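Going by this note's numbering, the residue at position 134 of the sequence shown is 134; the numbering climbs one at a time, nothing skipped.
Possibly wrong hints are sitting among the right ones.
[Claimed, not checked] PhoX-like mimics (lysine-lysine), calculated; alpha carbons at most 20 Å apart, straight line:
#, residue 1, residue 2
1, K104, K155
2, K127, K48
3, K168, K48
4, K155, K127
5, K127, K168
6, K25, K168
7, K62, K168
Keep in mind that the hints were calculated from the coordinates and are not lab data. Quantities reported herein were computed from a predicted structural model and do not represent experimental measurements.
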Amino acid sequence: MIDLQQWQYPNPQQSPWQLEGNTLKVQVSEGNMWGAGGVAANNLFLYKSTPSSDYTVQVGVKLAPNRAFEQAGIGLYWDNDNYIKISKEMFNGRLSLVFVTEHKGNPMVNALMDYPDSDVMLRLEKKQGRVIAMLSADNGIEWQNIGSTELLEGKESALMLYTFSGSKITPNMAQFTDLQIEPMS
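Could you build all of it, start to finish, from the sequences and the hints given here?
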């Protein structure tokens, strides 16, 4: 469940958003934090109460990207130059799921796969020093592995929901639903 009372918004100039029941609707913001010195875009929602041990986080994402690198997703956040994320994105002209690690301002695509549908469940498992990215096309019944990567140094400072690389001239909306954060045993 998305309870924004527990989330922080680092930019007071957030792009328009609203919470309707269990759905966070967000206008995809301009800007991106890709690469060294990238600035957190206007739509960065941070959840600071992450479990201290291994956990999973999953969320439904609905977005039909129509601009280069327009995206919405979920990630583990250390700071603007250190994060691990999975997004529904327009990547190099293709509707895709993109799994990225940025470490010390150097982004690396861990996995990239075509994904033409606008709806997807995304999941990150933080487990035994690694992060595994998964997708579900059937609302979380079955999960498909997208890729994995090593955790970054130190404990992440937050979980993030985000939208990047939108346009105010031709605004697009992303939706986040069914957020779950669960400790792993």
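Status of each hint after checking the structure:
With a C-alpha separation of about 15 Å, the suggested pair K104 and K155 falls inside the 20 Å cut-off, and the hint holds. For a cut-off of 20 Å, the pair hint linking K127 to K48 stands: about 18 Å separates their Cα positions. For the given pair, K168 sits about 29 Å from K48 by alpha-carbon distance, which is inconsistent with the 20 Å threshold. A threshold of 20 Å between alpha carbons decides the hint, and for K155 with K127 the separation of about 13 Å falls inside it, so the pair holds.
Taking the CA atoms of K127 and K168, the gap is about 38 Å. The hint is violated against a cut of 20 Å. A distance of roughly 16 Å separates the Cα atoms of K25 and K168; the hinted pair therefore holds under the 20 Å criterion. Pair hint K62 plus K168 holds up; C-alpha atoms about 19 Å apart against a cutoff of 20 Å.
Hint compliance for this structure: hints 3, 5 are not met, and every other hint is.
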